[in-house]
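Engineer: Residues per chain are reported as follows:
There are 2 protein chains.
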Amino acid sequence: MRPSLNHSKMKSELEVFREFLEQKGMRSTPEREAILTEVFAHHDHFDVEELIMRLRHQGLRISRASVYRTMPLLVESGLVQEVFFEDGHMHYEHIYGHEHHCHLRCLGCRKIIEFRNGAVEEVEKRIGQDQQFEITGHKLEIYGYCQACQEKKD
Amino acid sequence: MRPSLNHSKMKSELEVFREFLEQKGMRSTPEREAILTEVFAHHDHFDVEELIMRLRHQGLRISRASVYRTMPLLVESGLVQEVFFEDGHMHYEHIYGHEHHCHLRCLGCRKIIEFRNGAVEEVEKRIGQDQQFEITGHKLEIYGYCQACQEKKD
DNA sequence: GCTGTGATTGAGACTCGGTCTCATATATAC
DNA sequence: GTATATATGAGACCGAGTCTCAATCACAGC
Numbered sequence: 000m001r002p003s004l005n006h007s008k009m010k011s012e013l014e015v016f017r018e019f020l021e022q023k024g025m026r027s028t029p030e031r032e033a034i035l036t037e038v039f040a041h042h043d044h045f046d047v048e049e050l051i052m053r054l055r056h057q058g059l060r061i062s063r064a065s066v067y068r069t070m071p072l073l074v075e076s077g078l079v080q081e082v083f084f085e086d087g088h089m090h091y092e093h094i095y096g097h098e099h100h101c102h103l104r105c106l107g108c109r110k111i112i113e114f115r116n117g118a119v120e121e122v123e124k125r126i127g128q129d130q131q132f133e134i135t136g137h138k139l140e141i142y143g144y145c146q147a148c149q150e151k152k153d
Numbered sequence: 000m001r002p003s004l005n006h007s008k009m010k011s012e013l014e015v016f017r018e019f020l021e022q023k024g025m026r027s028t029p030e031r032e033a034i035l036t037e038v039f040a041h042h043d044h045f046d047v048e049e050l051i052m053r054l055r056h057q058g059l060r061i062s063r064a065s066v067y068r069t070m071p072l073l074v075e076s077g078l079v080q081e082v083f084f085e086d087g088h089m090h091y092e093h094i095y096g097h098e099h100h101c102h103l104r105c106l107g108c109r110k111i112i113e114f115r116n117g118a119v120e121e122v123e124k125r126i127g128q129d130q131q132f133e134i135t136g137h138k139l140e141i142y143g144y145c146q147a148c149q150e151k152k153d
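Protein sequences appear in the order of chains A and B. According to numbering that gives the first Met the number 0, the residues represented by the first sequence are 0 to 153, in order. According to numbering that gives the first Met the number 0, the residues represented by the second sequence are 0 to 153, in order.
Derived by calculation from the structure, the hints in this document are not laboratory data. Owing to the predicted nature of the structure, the values given are computational and were not obtained by experimental measurement. Among the clues, some could well be false.
One copy or two, it doesn't matter: identical chains are merged, so the pair holds either way.
[Stated by the list, open to error] BS3-like mimics (lysine-lysine), calculated; alpha carbons at most 25 Å apart, straight line: (1) K8 to K110; (2) K124 to K138; (3) K151 to K110; (4) K110 to K138; (5) K10 to K23; (6) K151 to K10; (7) K124 to K110; (8) K23 to K151; (9) K110 to K10; (10) K151 to K8; (11) K124 to K23; (12) K124 to K151.
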């Protein structure tokens with residue numbers, strides 16, 4: 000479902016992550032790389048507890064602390080982004096290798112619909128210029144009711 | 000700074016809140032109304048702890064539980080919105096009587112710049128039509144570096 | 001390849017935002 | 001005024017995320 004970019008000339012996420020760590024004077028460790036690999040192994044939104052379960056399921060016993068410590072690194076490196084905060088904890092998705100997209104959230108069934116819309120990026124660019132702001136990213140979240148839930152309401 | 004609408008023909012926030020509560024079969028209480036009043040007494044973003052301190056400062060001893068219980072009501076009634084989750088807790092602002100605006104967040108100094116841009120709303124409307132979604136609201140948060148922090152980085 | 005050392009990990013204690021419980025109080029219907 | 005269902009307050013509780021510190025490990029320098 001999620002549109003992918005042409006990967007032929009792209010660095011792998013592992014390369015990107017290693018370079019990011021090196022440039023920060025941090026070390027590449029099996030734990031960090033296993034977390035990265037698992038994050039990119041599925042294409043859905045996830046939260047940290049889910050990720051830990053998936054790692055456990057692989058037979059990898061990486062501590063909760065390490066996973067929590069690694070998440071901000073993945074975000075800072077631009078490989079992953081925070082999507083939304085719900086049910087008391089943050090939800091993430093990997094974004095490296097995917098075109099930027101925004102989220103429609105149904106308040107009825109909690110379904111998330113992803114969509115791409117170039118106009119958003121253009122508006123963003125203009126706003127940055129107006130405000131003399133160097134934009135590094137944005138989060139657009141639209142909420143409401145999906146078609147099915149609109150019908151249920153009636 | 001924040002653009003206000005023409006209030007001449009508008010219901011007061013208190014009226015809106017009372018109607019909202021009645022329509023939900025809930026009661027209007029002095030605690031709920033004091034919380035509402037305090038929320039509308041200042042024009043900055045706030046978090047629940049701050050709000051509780053402000054209420055205490057007024058000599059009002061409303062329990063944390065009541066304040067936490069009231070916040071979702073204010074949000075659901077459309078008087079208040081969640082702005083962003085930061086430092087481990089949610090931040091709010093009152094929106095009733097103000098034009099819709101979005102937020103630029105500086106990752107350097109954490110400053111928040113509010114701005115209004117009609118193009119965002121138009122894009123949103125179009126997206127809703129495309130996806131057959133009934134849109135009730137949206138949150139656009141752009142992050143990056145303000146002019147001062149850009150200079151500091153060099 | 002071995003060594004030294006500073007970064008990293010893991011286990012579990014800890015913090016703190018937010019929720020829940022339940023006895024008491026109170027808003028509203030009659 | 002009375003009945004009753006809803007709301008409040010105090011504090012216990014929950015759970016996401018952080019911190020501590022001893023043990024381990026990645027990597028630079030030899």
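Engineer: Next, verify each hint and record whether it holds.
Structural biologist: Hints, verified against the model:
| no. | hint | result |
| --- | --- | --- |
| 1 | K8 to K110 | neither (34 Å within a copy, 38 Å between copies) |
| 2 | K124 to K138 | both (13 Å within a copy, 17 Å between copies) |
| 3 | K151 to K110 | within (15 Å within a copy, 42 Å between copies) |
| 4 | K110 to K138 | both (17 Å within a copy, 17 Å between copies) |
| 5 | K10 to K23 | within (18 Å within a copy, 55 Å between copies) |
| 6 | K151 to K10 | neither (46 Å within a copy, 31 Å between copies) |
| 7 | K124 to K110 | between (29 Å within a copy, 19 Å between copies) |
| 8 | K23 to K151 | between (52 Å within a copy, 19 Å between copies) |
| 9 | K110 to K10 | neither (32 Å within a copy, 34 Å between copies) |
| 10 | K151 to K8 | neither (47 Å within a copy, 34 Å between copies) |
| 11 | K124 to K23 | neither (29 Å within a copy, 42 Å between copies) |
| 12 | K124 to K151 | between (39 Å within a copy, 22 Å between copies) |
Consistency note: the structure conflicts with the earlier hints numbered 1, 6, 9, 10 and 11.
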